[in-house]
Amino acid sequence: MAGTYYEVNEHLNHRKCVLALFIDFSRAFDTLQHQLLINKLDDCGIRGSLLNWCRNYLQNRTFTVKLNNSFSDPKCVTEGTAQGSVLGPLHFLSYVNEMGNCLKHSSCYQFADDTCLLVSGKDVSNACNSLQTDLDMLIRWCHDVGLVLNADKTKLMVIKSPYMRYPTPKPLIAHNHDCLHQLGTCQCPTIEVVTTQKYLGLIIDSKFNWGHHIEHVCNN
1 MAGTYYEVNE
11 HLNHRKCVLA
21 LFIDFSRAFD
31 TLQHQLLINK
41 LDDCGIRGSL
51 LNWCRNYLQN
61 RTFTVKLNNS
71 FSDPKCVTEG
81 TAQGSVLGPL
91 HFLSYVNEMG
101 NCLKHSSCYQ
111 FADDTCLLVS
121 GKDVSNACNS
131 LQTDLDMLIR
141 WCHDVGLVLN
151 ADKTKLMVIK
161 SPYMRYPTPK
171 PLIAHNHDCL
181 HQLGTCQCPT
191 IEVVTTQKYL
201 GLIIDSKFNW
211 GHHIEHVCNN
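When the letters of the sequence shown are read in order and numbered with full-length UniProt numbering, they come out as residues 1 to 220.
Hints listed in this document are in silico derivations from the structure and should not be mistaken for laboratory results. Virtual Cβ for every residue (Gly too), placed ideally from N, Cα, C. Misleading hints may appear alongside valid ones.
Label-pair distances were calculated between CB atoms; the ranges are [unchecked claim]: (1) H213 to D43: 46 to 54 Å; (2) G146 to G3: 26 to 34 Å; (3) G146 to H216: 15 to 23 Å; (4) W210 to V148: 29 to 37 Å; (5) V86 to M137: 44 to 52 Å; (6) K122 to D30: 35 to 43 Å; (7) L36 to P162: 24 to 32 Å; (8) C76 to Y163: 58 to 66 Å.
Put together the whole structure using the sequences plus the hints.
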């Protein structure tokens, strides 16, 4: 959060607006592919007995369903990490560690499955184009690793000084991986633009003055 705060303030001090895209993934911890996660842990330098321990921890898990007094046959869990576990957030961060490499224009801030992309500029239209390019690349990357971006819960915020006027940003579209938007037949969802957003426990507003968060804390 400190890094996000510092970067936004730097851009505002240079009379730029900031586009903040708050990413939400559908069933983030449930969609991690075990073998791909093992490979990414190896890429992070986790090897030998520790990697074997992680492999044993993840693989060959089973579950059953109980209905009244009847149990289903055991089924193998091939994706995901244990919900509420200490290792869950660490596994997810290792899994998405290379996410920022697919972005050309955005700064990427991550804490577990809370992800925020920042793009700045004095021209809102150009900033929107840059963010759209990175969002397209992010969706392609997510497809390759088995993650799904939740367009309904992903939000866009334009952070700017109240003393500066900027035109309304053009819609940001969450194109599907197989979208034919280049042919003009796109029916993909538009990302909602918000003026407040809760991120890492803090309420950020489009003026970046923390007024909404202070009000929320005082009221509770």
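Verification of the supplied hints:
With their beta carbons about 37 Å apart, H213 and D43 fall outside the hinted range of 46 to 54 Å. At roughly 27 Å, the beta-carbon separation of G146 and G3 lies within the given 26 to 34 Å, and the hint holds. Between G146 and H216 the beta carbons are some 36 Å apart, a value that contradicts the proposed interval 15 to 23 Å. At about 32 Å, the CB distance of W210 to V148 agrees with the hint of 29 to 37 Å.
Checked against the given bound of 44 to 52 Å, the beta carbons of V86 and M137, roughly 32 Å apart, lie outside it. Our hint of 35 to 43 Å for K122 and D30 holds, since their Cβ atoms are close to 41 Å apart. The given range of 24 to 32 Å is broken by L36 and P162, whose C-beta atoms sit roughly 45 Å from each other. At roughly 59 Å, the beta carbons of C76 and Y163 sit within the given window of 58 to 66 Å.
Comparing the model with each numbered hint stated earlier shows that hints 1, 3, 5 and 7 do not hold.
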